[in-house]
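As you go down the protein sequences, you meet chains D and W in turn.
Under my numbering, the letters of the first sequence match residues 1 to 183, in that order.
Under my numbering, the letters of the second sequence match residues 1001 to 1626, in that order.
It should be emphasised that the hints constitute simulated quantities derived from the structure, not laboratory data.
There could be a bad hint or two in this list.
To be verified - Listed next, the stretches of chain D that the computed footprint assigns to chain W, with coverage defined by at least 3 CB atoms under 8 Å from CB atoms of chain W:
id, region
1, 21-31
2, 37-43
3, 76-85
Note that CB positions come from ideal geometry on N, CA and C, so glycine has one too.
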Amino acid sequence: MNKLESPFILVDPERCVGCHTCELACAAAHTAAGSIIGAVLAGERLHRRNRVVQVGTVKLATQCRQCEDAPCVRVCPTGATYRTETYTAVDQRLCIGCRLCVMVCPFGVIHLGKTEVAGREKSAAFKCDLCIDRLAGPACVEACPTKALSLRYPAEVIREATQVTARQFLDALESQKRLSSNP
Amino acid sequence: MAYSEKILGRSIDPTVHDMLARAEQQGLETAWDRYEAMLPQCGFGELGVCCRNCNMGPCRISPFEEEGPKLGVCGATADIIVARNLLRMIAAGAAAHSDHGRDIAHTLLLTAEGKGGGYEIKDEAKLEALAGEYGIPTEGRSKEEIALDLAKAAYAEFGKQEGPIQFTRRAPAKRVELWQKMGIDPRGIDREIVEIMHRTHIGVDNDPVNLVLQGLRASISDGWGGSMVATELSDVLFGTPTPTHSEANLGVLEADQVNVVVHGHEPILSEMIVAAAKDPEMVKLAEKYGAKGINVAGVCCTGNEVLMRHGIPLCGNFLQQELAIMTGAVEAMIVDVQCIFPALGALAGCYHTKFISTSPKAKFPGATHIEFHEEEAYDIAKKIVRTAVENYRFRKPGQLYIPDEKSACMVGFSVEAIVSALGGTLDPLLDAVRSGAIKGIAGVVGCNNVKIQHDYGHVNLVRELIKQDVLVVTTGCNAIACAKAGLLLPEAAEQAGEGLKGVCKALGVPPVLHMGSCVDISRILVACAAIANALGVDISDLPVAGAAPEWMSEKAVSIGAYVVSSGIFTVLGTVPPVLGSPAVTELLTKGANDVVGAAFAVEPDPFKGAQLMVDHIMEKRAALGI
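Whenever a hint applies, use it, and build me the whole structure from the sequences.
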């Protein structure tokens, strides 16, 4: 498996019930307190990096797809938005809140919010960083009560998909053979 | 045995470590495991910002600053939703306590009519005193005639429309005037609960302050109404508790006896179970099956009721209910209402234990239902005890495991018993408070909660308070935690500060006084009212404080609300679901001071919680000039 390709968070819309638990887990994981109640008690700001949306009757969580050729990284004038081998993220110290990344993101999963950097309040971009500093992995994946979210590697997803479609192809061939031998 | 950190982190009680290790070996699940599987719990629920009161919803208010919905579909703000949800918790809690009170009044009524299947009026002095309060004539009347009028008068409190609820007038006159001025003097017990359900319906009361005031009014109808009716009429029927000795923790179960565990809240059933277990016919039957006797033990507040009046030992508190069954020594776990895990049915299925539900209001999966009716109380109790005795022979020896630990305890401190221990008057206590030997009095009560290490909050808060010369009065699962920790013994005075130690030694009482079950928090209110009246001040002027270090139930929310409404500063050990509303949080923790002269504080650390209480007590002492 090519581990150098960015993993990403995959949502199974059939399992997502739209409870927004992933949003709160995301916000909690990015606070010093580490919990919603703790953060509210301490007066910390809560920011989600993901968003649960509804399309027709289907609910699903959306977040950064960790693009390999990320437009947000290409357009950032200050180098605040950057890419490593396995994820993209924002360095809020460098961010000037110009919204270019928000404009070019085709998935609408970057937003601007108020934050405090080095004792100064400012607006900066927020996006999913795959909870890269978190030992247990992305908080949203861990929190999802219906297991609709998973952290996946593209190669793994491709292998699973090809297994499924290849099996369908073989089944089709098999039934064709049976039909032609027993007309 | 060395236990894993996971097990040690769940409780401070060695019997719990012991039983959880066995549960792990046997693949049995407990509340702690189910809690872990539930994590992370819903943040909207934790903040109290989810509303399901109408079917345009469910709605939830975004806790994120810049984005997400800030209004429900109807336009309700986080403040409105949080206040409405809090009110519904109070309504449920007040309903539970008050329905318990109604059941006791019903039993008194049947007993007075000669239809009570084995109940008698045990405390005539209290009967007459209560009749006096209600203006019921007693001269030349039989106790049954008086009791009939008293039961009807108590019954009427529930359906009253315009008040006042008689027992609320036990509060100091200043307190009653304040309630009237603020519009929170309750009109009737049921009415206030119904009005909460009305006001929290979509499109009715949408003012957080107005809502919370109604919550306080309903809670007063619980503390000074339903709960007080439960306590007082239970005393008339079953006797007012007096100091007695017993034991607590899983070690009270007997390997060679039939163990009958009563769990739940009301004394109506457990009193009869205790009587039926002493029936010579039942004892003989037990011997026939090879048992050396019948051992009744309690869990939760029905356990506290029979502990206070008969010295029946306690298996443990709320979080030990599953562990009692896991000893394999329990022939029957008999339950009535409140705080009973529906998980018990499946667990009992792994053992020979019969899980017997008795209340028409409370049925459980996996339970055998033997419905209890007061009219045939003794006969049904006997039938239940017989079922337990006949189950003894099915005990599986390989499953039998009873931890050794149990602690002795001295219990039974009703207000009457405290006054009597003081020599017939409150003066010695008031003198001790004035002199500073006792700095103040703390009521520490409430449940267990898997969110806090079991008993850690209870025991440490109480230890810290007595160390600083604060006399502790306790009820409910805190009382059981204290009993297990040896704090309900006169010898525990050694752990108290010099002043409190001296007072306890002089009187021969523990520094922590067990006043009963959770409805018996009404006894604490009566004591506070008596002290305030003796000093000619309001309850909010007294050097007293309250705490619920491990609370979890809706009843606890109602209790907290009536304790604060009565003017007593209260520390909560777990965070109530109100943080989603800055306005309601501010009202409960600060604004309430201007309304009822007391407020809440939230402090999960028991040592810091104790300090908040002591600081409050010292402030009140300074204001009183003592």
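Each hint tested on the structure:
no. : hint  : verdict
1   : 21-31 : holds (count 6)
2   : 37-43 : holds (count 3)
3   : 76-85 : violated (count 0)
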